[in-house]
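Undergrad: As given, the protein sequences belong to chains A and B, one line each in that order.
When we follow this note's numbering, the leftmost residue of the first sequence carries the number 506, and every step to the right adds one.
When we follow this note's numbering, the leftmost residue of the second sequence carries the number 164, and every step to the right adds one.
Rather than coming from a laboratory, the hints here were simulated on the basis of the structure.
Do not rely on the hints blindly, as some may be mistaken.
Okay, derived cross-link-like pairs now, DSS-like style, lysine-lysine, Cα gap no bigger than 25 angstroms in a straight line [stated by the list, open to error]: (1) B:Lys464 - A:Lys811; (2) A:Lys790 - A:Lys774; (3) A:Lys790 - B:Lys650; (4) B:Lys185 - A:Lys508; (5) B:Lys170 - B:Lys336; (6) B:Lys170 - B:Lys617; (7) B:Lys215 - B:Lys185; (8) A:Lys774 - B:Lys656; (9) A:Lys902 - B:Lys478; (10) A:Lys548 - B:Lys330; (11) A:Lys859 - A:Lys893; (12) B:Lys478 - B:Lys170; (13) A:Lys672 - A:Lys508; (14) B:Lys410 - B:Lys330; (15) A:Lys901 - B:Lys478; (16) A:Lys793 - B:Lys650; (17) B:Lys472 - A:Lys901.
Covered stretches of chain A (chain B as the covering partner; in silico rule of three or more C-beta atoms under 8 angstroms from a C-beta of chain B) [unchecked claim]: (18) 665-675; (19) 678-690.
Just so it is clear, CB atoms sit at the ideal spot from N, CA and C, and this is done for glycine as well.
Now for the letters of each chain:
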Amino acid sequence: MLKAIGIRSVDDLFSPIPPEVRLTRDLTVPRQMAESEIVDWFKQRAKENGEGYTSFLGAGAYSHYRPVVIDALVQRGEFLTSYTPYQAEFAQGTLQAIFEFQTMISELTGMDLANASMYDGSTGAAEAVMMAVRITGRPSAVIARNLHPEYREVLNTYATHQAIPLKTASYTDTGQIDLKELEKTVDDDTACVLIQSPNFFGTIEDVEAIAEIAHKRGALLIVSIAEAVSLGIVEPPRTADIVAMEAQSFGVPLGFGGPYCGVLATKEKFVRQMPGRLAGQTVDKNGKRGFVLTLATREQHIRREKATSNICTNQALVALMVNIFMTVYGKIGLRELAKQNLAKTVYAADQFAKHAKVLFAGAPRFNEFVVETSEDPYAVNSRLLGHKIFGGLPLKKFYPELGHAALWCCTELTTRSMIDTAVGLVSESERSVRTMNEVEEVTR
Amino acid sequence: MKHMTSKATRHISQNEGLIFEKSSPGKAAWKLPPLDVPEVDTAKLLGKQERKDLGNMPEVSEIEIIRHFTRLSTWNYAIDLGMYPLGSCTMKYNPRVNEFVARVEGLANGHPYQAEKISQGALRIIKTLSDCLIEITGMDAITLQPAAGAHGELTGLLLVRAYHQSKGNARKKILIPDSAHGTNPATAATVGYAVENLKSNDRGMVDVAALAAQMNEDVAALMVTNPNTLGVFEQEIHKIAGLMHAKGGLLYMDGANMNALVGKARPGDFGVDVMHLNLHKTFSTPHGGGGPGSGPVAVKKILEPFLPKPVVITKPDGTLGFEYNRPQSVGRVRAFYGNFGMFIRALAYIFANGPDGLRQTTEDAVLNANYIRKGLEGVYDLPYSTPSMHEVVFSDKVQSKKGVKTMDLAKRLIDYGFHPYTTAFPLIVAGALMIEPTESEPKEELDLFIEAMKSIAEEVEEDPQFVLDAPHNTRISRLDETAAARKPVLRWKPENA
Chain A
506 MLKAIGIRSV DDLFSPIPPE VRLTRDLTVP RQMAESEIVD WFKQRAKENG EGYTSFLGAG
566 AYSHYRPVVI DALVQRGEFL TSYTPYQAEF AQGTLQAIFE FQTMISELTG MDLANASMYD
626 GSTGAAEAVM MAVRITGRPS AVIARNLHPE YREVLNTYAT HQAIPLKTAS YTDTGQIDLK
686 ELEKTVDDDT ACVLIQSPNF FGTIEDVEAI AEIAHKRGAL LIVSIAEAVS LGIVEPPRTA
746 DIVAMEAQSF GVPLGFGGPY CGVLATKEKF VRQMPGRLAG QTVDKNGKRG FVLTLATREQ
806 HIRREKATSN ICTNQALVAL MVNIFMTVYG KIGLRELAKQ NLAKTVYAAD QFAKHAKVLF
866 AGAPRFNEFV VETSEDPYAV NSRLLGHKIF GGLPLKKFYP ELGHAALWCC TELTTRSMID
926 TAVGLVSESE RSVRTMNEVE EVTR
Chain B
164 MKHMTSKATR HISQNEGLIF EKSSPGKAAW KLPPLDVPEV DTAKLLGKQE RKDLGNMPEV
224 SEIEIIRHFT RLSTWNYAID LGMYPLGSCT MKYNPRVNEF VARVEGLANG HPYQAEKISQ
284 GALRIIKTLS DCLIEITGMD AITLQPAAGA HGELTGLLLV RAYHQSKGNA RKKILIPDSA
344 HGTNPATAAT VGYAVENLKS NDRGMVDVAA LAAQMNEDVA ALMVTNPNTL GVFEQEIHKI
404 AGLMHAKGGL LYMDGANMNA LVGKARPGDF GVDVMHLNLH KTFSTPHGGG GPGSGPVAVK
464 KILEPFLPKP VVITKPDGTL GFEYNRPQSV GRVRAFYGNF GMFIRALAYI FANGPDGLRQ
524 TTEDAVLNAN YIRKGLEGVY DLPYSTPSMH EVVFSDKVQS KKGVKTMDLA KRLIDYGFHP
584 YTTAFPLIVA GALMIEPTES EPKEELDLFI EAMKSIAEEV EEDPQFVLDA PHNTRISRLD
644 ETAAARKPVL RWKPENA
């Protein structure tokens with residue numbers, strides 16, 4: 506090859522790099538490893554990472570069963586090792602799969618249309634707010650305080666530089682958004698109201714009532730859905746204008762927080778303001794049905810600084826996992842799956858309520874609930890860790906006013922015996938704290 | 164059939180409808196275990212919030228699902244089938260050991276909120292990859308949070324803005340060469356900066372004199388891709404950095420083309436202040452039909468205080484942890500910690516290569532691109548004779564005289580069993596053919612590609628219409644994109660709905 510090119514050594518090809526910036530030493534990175542060593546190294550790391558623990562953690566990342574056909578199919582090289590389907594004739598598989606994904610997401614969310622995916626639920630929510638600002642021509646947004654706290658942080662980061670003022674609306678003792686406060690906060694400058702349902706506390710919002718408040722003032726309603734399985738049994742937010750969803754629950758591994766699968770769905774009239782890729786149906790010159798990426802004039806590679814978003818690469822292969830999961834469970838299975846989640850959660854919340862306080866009991870919930878203990882939940886969780894159990898997420902970090910409360914989650918994978926064990930340990934610690942308090946009372 | 168090389172032959176491919184067209188009531192591919200807690204009355208629990216019907220969701224059996232997606236997959240081209248010379252996309256081999264280790268129990272199932280002391284394995288992976296990437300780029304600090312390259316650009320420019328703000332003036336604009344990726348200007352706009360175009364010189368590089376004239380105290384940063392989208396190394400990068408720094412500006416590097424530099428030169432050594440990497444390009448994580456990517460952002464010390472939070476730190480007791488107390492941070496750009504699964508794959512790639520392998524990878528990538536350049540020089544017009552690094556850009560100047568454009572040539576290349584190169588980009592080349600073979604291709608595959616491209620050039624001379632009508636061998640011929648955009652059909656609906 507060197508001879509064909511007409512050079513003496515490969516180094517000649519690097520002569521355009523000025524000598525003073527060329528690296529003349531080896532990189533200080535680990536030495537080359539054999540495949541067996543690589544596998545061993547990562548298996549070691551897995552052992553240090555909670556392998557074999559039982560978990561009651563949810564809060565935006567949910568542990569659901571992943572049918573094995575998902576990995577069998579997404580590991581086909583034709584899906585795994587292909588690029589964005591810009592050359593439609595050579596990528597019909599990916600394009601048709603995206604088209605089916607868009608259809609199923611639309612069906613489930615009650616929206617007209619959906620895009621091919623966004624990075625995740627948090628960035629999708631931020632993009633949805635920017636989309637609402639473009640549609641309404643209004644500058645600001647009202648955000649529910651019971652929207653996932655990390656989604657709110659991401660939103661803050663994006664909004665600051667878009668000069669979008671954010672106002673928040675708090676929650677009531679049902680865990681739902683405070684409708685009275687919301688009504689006062691929404692004004693003629695409000696582009697959108699952004700809520701989450703089921704919200705961060707697991708409570709289902711009265712979307713219709715919220716939509717009415719937003720629409721009355723000409724604002725759009727964006728509903729963020731972090732727990733996609735809820736859509737099997739909870740009425741979708743049909744009165745919303747944009748749904749910003751995190752679809753991780755649909756067959757995507759927890760993977761320590763990513764990659765996940767954000768997706769936006771909306772009404773037909775707003776599609777040209779929606780960011781992200783879209784697959785559309787068309788015909789070839791013989792009239793045969795086929796699919797292409799379409800409405801690209803919204804996108805950065807065509808419109809550059811005037812694009813709806815800077816997004817390019819999305820989460821295609823993860824969206825394919827979601828797609829296969831939705832296909833496996835389908836019309837009946839998704840509902841049955843959601844019902845099991847609900848049943849486990851009802852059972853667990855009832856058991857916890859016998860020994861500790863379950864907050865926000867006044868409204869319907871899906872698969873998460875908030876438990877307040879006498880003892881600091883970090884201490885409770887330390888005890889649980891001794892039994893290889895991850896307890897609920899302590900909420901103090903995000904909601905100082907909630908003190909000793911923690912967010913617990915049950916899915917179809919949570920067994921009754923896991924619940925009973927965790928409840929037993931919490932009740933023990935509750936009893937001992939109560940006894941200690943009593944002893945203190947007496948000695949005082 | 165006109166000319167044909169030995170790369171591809173036509174083969175039976177299965178027809179397959181939409182999944183909804185196969186659905187019928189009663190078919191199922193799922194099974195839940197028996198419920199071990201009492202049944203619940205959903206109507207009573209949820210009231211008006213209860214969903215009664217899931218609309219047109221499919222009902223199909225498992226074998227139908229396997230066949231459906233397998234059949235669809237066979238309609239795709241992929242790296243696993245052959246060379247995928249999309250310039251700027253770095254379609255290199257995606258090692259299977261990466262996929263294997265990413266699925267190891269404990270890593271694949273780790274919850275982002277599990278206790279830190281039980282997350283030491285994941286934190287160690289983040290820390291080790293961070294250290295490797297800092298060394299490879301010659302920078303001082305890094306965040307792995309951004310989910311893709313464009314998201315990394317966004318993060319990088321947020322850091323630029325925060326830095327200038329800390330000096331009392333956020334500045335107004337970003338300079339971007341006319342050869343840049345579309346994400347660059349789109350990102351600048353997202354961060355609230357105006358975009359000012361910078362003309363390339365006749366060698367396809369940043370025009371240093373023009374830069375000197377355009378650079379002033381309103382400019383926050385220059386976004387440069389190096390090697391640039393012509394595959395040309397910016398030889399005056401030192402001068403460029405000097406000009407930026409002299410007026411208080413920063414130098415941003417789009418790391419899309421880092422595959423030409425790893426182990427041979429480090430951006431930190433040539434004046435770059437902030438840059439993003441694409442783990443799905445340089446570090447072999449799969450493109451997956453368009454993602455997931457991962458876009459770490461590496462910075463010099465001056466930008467470290469502004470990095471997104473949390474950052475991974477080593478605690479006094481030697482364990483690793485997340486540090487949230489970062490008062491100058493730009494905030495979060497994504498929930499949790501980024502596309503962790505891609506970190507595993509990228510790190511496995513670095514382990515599999517080591518220092519020698521990483522350097523050789525770069526050398527082979529540049530060697531392969533130059534071999535193609537030599538093979539096609541004279542057949543296709545080479546608009547810039549400047550030496551190529553990891554990719555080479557030709558134009559359709561010769562063929563367009565016969566009415567055949569870069570996209571037509573690309574469609575004909577499909578018939579030969581290759582994925583097309585990148586068409587019509589960079590914008591500074593009219594009718595560009597941007598070819599990036601990567602290090603993964605053996606000489607045999609490169610020879611087949613050269614042969615195919617030569618053969619197509621001959622076809623253009625003999626029968627241009629035949630090339631204009633390509634592809635001839637695919638399941639479907641060219642699709643009507645105008646109709647798709649004019650009356651968008653973006654979802655399936657039942658016929659009588």
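Undergrad: Evaluate each hint against the coordinates.
TA: Here is how each hint holds up against the structure:
A C-alpha spacing of about 33 angstroms is found between lysine 464 of chain B and lysine 811 of chain A, which places the hinted pair above 25 angstroms, so the restraint is violated. Restraint check for lysine 790 of chain A and lysine 774 of chain A: the C-alpha separation of about 29 angstroms exceeds 25 angstroms, so the hint is violated. In summary, the hint linking lysine 790 of chain A to lysine 650 of chain B is supported, as the alpha carbons are separated by about 17 angstroms, within the 25 angstroms threshold. Our distance criterion of 25 angstroms between C-alpha atoms is broken by lysine 185 of chain B and lysine 508 of chain A, whose separation comes to about 57 angstroms.
A C-alpha spacing of about 49 angstroms is found between lysine 170 of chain B and lysine 336 of chain B, which places the hinted pair above 25 angstroms, so the restraint is violated. Annotation: proposed proximity of lysine 170 of chain B to lysine 617 of chain B holds, straight-line Cα distance about 14 angstroms (limit 25 angstroms). Proposed proximity of lysine 215 of chain B and lysine 185 of chain B is supported: the alpha carbons are some 23 angstroms apart, at most 25 angstroms. The hinted pair formed by lysine 774 of chain A and lysine 656 of chain B meets the criterion: a straight-line CA distance of about 17 angstroms does not exceed 25 angstroms.
Simply put, lysine 902 of chain A and lysine 478 of chain B have alpha-carbon atoms about 20 angstroms apart, close enough for the 25 angstroms limit, and the pair holds. Proximity of lysine 548 of chain A to lysine 330 of chain B is assessed by CA-CA distance (about 46 angstroms); at most 25 angstroms being required, the pair is judged violated. In summary, the hint linking lysine 859 of chain A to lysine 893 of chain A is supported, as the alpha carbons are separated by about 23 angstroms, within the 25 angstroms threshold. Of the supplied pair hints, the one linking lysine 478 of chain B and lysine 170 of chain B is violated, its CA atoms being roughly 56 angstroms apart against a limit of 25 angstroms.
Between lysine 672 of chain A and lysine 508 of chain A the CA atoms are separated by roughly 67 angstroms; this puts the pair beyond 25 angstroms, and the hint is violated. A threshold of 25 angstroms between alpha carbons decides the hint, and for lysine 410 of chain B with lysine 330 of chain B the separation of about 13 angstroms falls inside it, so the pair holds. Among the hinted pairs, lysine 901 of chain A with lysine 478 of chain B is consistent with the structure: their alpha-carbon atoms are about 23 angstroms apart, no more than 25 angstroms. Of the supplied pair hints, the one linking lysine 793 of chain A and lysine 650 of chain B holds, its CA atoms being roughly 17 angstroms apart against a limit of 25 angstroms.
The straight-line distance between the Cα atoms of lysine 472 of chain B and lysine 901 of chain A is roughly 19 angstroms, inside the 25 angstroms bound, and the hint therefore holds. Here's how the region 665-675 of chain A fares: 4 of its residues keep a CB closer than 8 angstroms to some CB of chain B, so the rule of at least three is met and the hint holds. Requiring three or more residues with a Cβ within less than 8 angstroms of a Cβ of chain B, the coverage given for the region 678-690 of chain A is violated, as only 0 such residues are present.
Consistency note: the structure conflicts with the earlier hints numbered 1, 2, 4, 5, 10, 12, 13, 19.
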